[in-house]
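> If you want the building blocks of each chain, they are given just below.
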Amino acid sequence: MITTSNLSKKYKTNLVLNIQSLDIPKGQSFGLVGNNGAGKTTFFSLLLDLIQPTSGYIKNNEILVHESEEWKPFTSSFIDESFLIGYLTAEEYFYFIGELRNQNKADVDALLAQFEDFFHGEILNQKKYLRDLSKGNQKKAGIVAALIGNPEVIVLDEPFANLDPTTQIRLKQIIKDLAETKGVTVLISSHDLMHVTDVCERIVVLEKGEIIKDLATNEATLKELEAYFAS
Amino acid sequence: MIKRFLSLEWKQFTRASYFQKGIAIKILLFFAAIYFGGAAIFLGIGMFFILRKAVPEIDPIITMNNFLIYWFLFDLVIRFFMQQLPVMNIKPLMTIPIKRETIIHYLLGKTTLSFFNFIPLFIFLPFSIVLLAEGYPVINVLCWFISIMVLTLTVNFINFLINKNNTIFYIIISVLALFIGLEIYQIFKVSQPIGVAFNTLYNLPYLVIIPMALMYALYKINFNDIKKGFYLDGTISKKADKVNTIDLSWMNRFGSIAVFLKNDVRLILRNARPKQVLMMSFLFLFYGLIFYTQEVYQQMPAFLAFASMFVTGGFLMTFGQLVPSWDSEYYKLLMSQNIPYKKYLESKWYLMVVAVAISFVLSTPYLYFGWKIFGMIAAGALFNIGLNSFITLFGGALNRVPIELNVKAKAFSNTNGFNPTQMLIALPKLGLPMLLFYIPYKLVNFEVGLLVLALSGVLGIVFRNFFLNQIEKLYQKGKYKTIAAFAENK
Numbered sequence: 000m001i002t003t004s005n006l007s008k009k010y011k012t013n014l015v016l017n018i019q020s021l022d023i024p025k026g027q028s029f030g031l032v033g034n035n036g037a038g039k040t041t042f043f044s045l046l047l048d049l050i051q052p053t054s055g056y057i058k059n060n061e062i063l064v065h066e067s068e069e070w071k072p073f074t075s076s077f078i079d080e081s082f083l084i085g086y087l088t089a090e091e092y093f094y095f096i097g098e099l100r101n102q103n104k105a106d107v108d109a110l111l112a113q114f115e116d117f118f119h120g121e122i123l124n125q126k127k128y129l130r131d132l133s134k135g136n137q138k139k140a141g142i143v144a145a146l147i148g149n150p151e152v153i154v155l156d157e158p159f160a161n162l163d164p165t166t167q168i169r170l171k172q173i174i175k176d177l178a179e180t181k182g183v184t185v186l187i188s189s190h191d192l193m194h195v196t197d198v199c200e201r202i203v204v205l206e207k208g209e210i211i212k213d214l215a216t217n218e219a220t221l222k223e224l225e226a227y228f229a230s
Numbered sequence: 000m001i002k003r004f005l006s007l008e009w010k011q012f013t014r015a016s017y018f019q020k021g022i023a024i025k026i027l028l029f030f031a032a033i034y035f036g037g038a039a040i041f042l043g044i045g046m047f048f049i050l051r052k053a054v055p056e057i058d059p060i061i062t063m064n065n066f067l068i069y070w071f072l073f074d075l076v077i078r079f080f081m082q083q084l085p086v087m088n089i090k091p092l093m094t095i096p097i098k099r100e101t102i103i104h105y106l107l108g109k110t111t112l113s114f115f116n117f118i119p120l121f122i123f124l125p126f127s128i129v130l131l132a133e134g135y136p137v138i139n140v141l142c143w144f145i146s147i148m149v150l151t152l153t154v155n156f157i158n159f160l161i162n163k164n165n166t167i168f169y170i171i172i173s174v175l176a177l178f179i180g181l182e183i184y185q186i187f188k189v190s191q192p193i194g195v196a197f198n199t200l201y202n203l204p205y206l207v208i209i210p211m212a213l214m215y216a217l218y219k220i221n222f223n224d225i226k227k228g229f230y231l232d233g234t235i236s237k238k239a240d241k242v243n244t245i246d247l248s249w250m251n252r253f254g255s256i257a258v259f260l261k262n263d264v265r266l267i268l269r270n271a272r273p274k275q276v277l278m279m280s281f282l283f284l285f286y287g288l289i290f291y292t293q294e295v296y297q298q299m300p301a302f303l304a305f306a307s308m309f310v311t312g313g314f315l316m317t318f319g320q321l322v323p324s325w326d327s328e329y330y331k332l333l334m335s336q337n338i339p340y341k342k343y344l345e346s347k348w349y350l351m352v353v354a355v356a357i358s359f360v361l362s363t364p365y366l367y368f369g370w371k372i373f374g375m376i377a378a379g380a381l382f383n384i385g386l387n388s389f390i391t392l393f394g395g396a397l398n399r400v401p402i403e404l405n406v407k408a409k410a411f412s413n414t415n416g417f418n419p420t421q422m423l424i425a426l427p428k429l430g431l432p433m434l435l436f437y438i439p440y441k442l443v444n445f446e447v448g449l450l451v452l453a454l455s456g457v458l459g460i461v462f463r464n465f466f467l468n469q470i471e472k473l474y475q476k477g478k479y480k481t482i483a484a485f486a487e488n489k
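In order, the protein sequences belong to chains L and B.
For the first sequence, position 129 matches number 128 in numbering that gives the first Met the number 0, and the numbering has no gaps at all.
For the second sequence, position 248 matches number 247 in numbering that gives the first Met the number 0, and the numbering has no gaps at all.
Honestly, I wouldn't trust all of these hints.
[Claimed, not checked] With a straight-line Cα cutoff of 20 Å, these simulated SDA-like cross-link-like pairs (lysine to any residue) come out: (1) 134(L) with 3(B); (2) 476(B) with 134(L); (3) 90(B) with 184(B); (4) 126(L) with 268(B); (5) 90(B) with 38(B); (6) 52(B) with 36(B); (7) 480(B) with 10(L); (8) 127(L) with 42(B); (9) 480(B) with 127(L).
Treat the hints as calculated values from the structure; they're not laboratory data.
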């Protein structure tokens with residue numbers, strides 16, 4: 000689904016990302032881990048064509064992301080709060096995203112109904128603007144908005160941060176479902192090693208922009224990751 | 000302690016965004032400050048003579064006192080919309096071992112350093128000096144001047160109070176509405192006793208104690224109010240806005256641009272900054288009064304054409320020059336979604352057109368100045384819709400300044416319109432209507448001048464798609480730059 004080739008990003012002389020090759024097949028749940036400055040968000044930003052690569056390219060479903068915009072209809076993402084529109088209520092925001100992705104109000108309502116548990120009564124009918132919600136609740140709204148319109152690729156940057164434990168557990172289930180039963184390619188990054196190993200079939204470790212490890216998840220993965228980050 | 004607070008203030012001042020700008024902008028800002036400061040000083044000096052000429056039978060100081068109440072009312076209204084209160088800045092101090100009362104004194108003291116408190120200094124100090132030069136008694140003038148300054152600070156604290164306390168806000172608003180109503184319908188002229196009061200204040204200098212007591216009382220009320228609510232969920236809190244859920248589904252009839260249009264309407268209604276722009280653009284309606292009432296300009300129709308364009312173009316220019324900055328807070332979202340730029344731009348264009356239309360309707364009272372003037376306003380409106388809108392959108396595309404939507408712009412730190420490209424773009428905006436009118440006017444006659452100006456607008460509407468496509472290309476070209484600029488800290 001996603002092909003990366005010779006991808007690099009330089010800021011002046013500072014090389015922040017350098018990936019020779021990285022292929023993510025359709026329906027894989029893919030996890031990206033690494034310390035601050037490892038290049039996780041840079042990679043996602045390149046994938047979403049928010050920054051330009053210095054060299055190389057990313058193909059999303061055979062579409063060169065920095066040349067065509069055809070990848071947008073089937074790709075959705077939630078990177079940070081700048082993906083929220085602060086002065087809308089959660090509902091208005093969902094409908095807005097829905098309209099951009101050709102979903103009518105009923106479609107969006109049907110989708111939202113599935114996430115009633117996840118929202119835990121704190122998102123819908125709140126009579127609050129998104130900017131006045133807590134960080135955790137903002138994140139919930141952003142993540143669910145990224146699921147609107149049956150995307151085939153979903154990119155979530157640190158989805159577990161700021162969420163309460165109950166929501167973290169529910170989110171893990173949602174991500175697993177997406178990849179296993181619906182064939183959606185899910186890309187997440189996280190600082191929580193336990194969560195990524197729970198959710199992702201494959202985990203890539205980045206350090207200073209380079210791929211250090213590329214693991215298929217099994218029982219030993221968590222130990223291996225912990226050992227790596229401890230040293 | 001005070002020394003530390005002062006050093007904090009100094010850092011905040013010197014590290015503010017407007018000092019981080021390029022040298023060209025600094026120079027421009029410097030000149031702007033000189034210009035406005037100079038204008039205020041001249042007004043202050045000239046005021047005495049203007050008043051003496053306008054109402055020769057009454058002592059200028061008395062006329063001045065009779066009008067002072069309007070000054071203070073205007074001051075309060077402007078402050079309410081413009082003055083950003085520094086409440087949140089003290090959050091980091093709350094957990095530090097400093098006495099609560101010290102922090103509150105600091106907070107209240109900080110508001111007195113506001114730009115708004117220095118405006119009267121520029122006007123009333125020269126005025127008082129002229130009074131002294133004209134031989135008015137020193138003690139009276141001095142105490143009067145002190146009273147004015149103290150009352151300015153009182154207004155400062157009233158504004159603080161109404162911003163923080165809804166009950167007081169409603170009380171003051173209703174009292175004001177009542178007074179203004181009584182005044183307009185001539186039932187009881189409240190301004191008269193107030194005028195008398197100001198005159199008494201001038202005549203009996205020792206009464207300066209009254210404004211001082213008033214200021215002290217308001218300071219105390221504010222102090223207690225903050226002290227009572229000195230918690231994150233009290234006075235220190237960011238006010239969570241009440242949700243207004245007006246139903247905008249009727250807008251769906253606008254088809255593919257409806258999704259953006261609905262958002263833009265919400266953007267304007269729910270954020271402090273766009274509301275400010277809305278108010279500013281309302282003031283533009285009165286721009287004509289300056290020009291149409293002056294004899295001098297009757298001989299210079301090019302300037303009248305220029306003014307007429309401003310009458311209906313307020314919103315268009317103030318709002319339009321900041322497209323796409325209005326969406327800077329969530330620009331990454333828009334760029335990663337399937338967004339047709341053209342629809343996005345079209346929506347903003349429609350908003351501007353509607354604003355011009357509304358301004359045009361509101362400008363009908365200008366008929367008082369005759370059909371010629373009104374014809375100019377109409378032609379100006381067409382120019383605005385057809386050409387100015389696109390020029391403004393074009394300029395906006397080159398302007399990559401992020402905006403904090405729900406934060407009021409501070410006076411003089413609003414340098415958004417102050418970058419070199421913006422200045423260059425402003426030239427055709429201002430010059431074009433003058434040229435379009437003036438050349439045919441000189442060559443043929445007045446009517447043809449109007450016609451050409453109006454037709455230029457129609458031409459713009461006909462070639463709308465062409466213009467929108469050009470601007471769209473500009474957007475696409477600048478995409479990465481714009482994203483990076485909007486992601487920077489404001």
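> Determine which of the earlier numbered hints do not hold for this structure and return their numbers in increasing order.
1, 2, 3, 5, 6, 8 and 9
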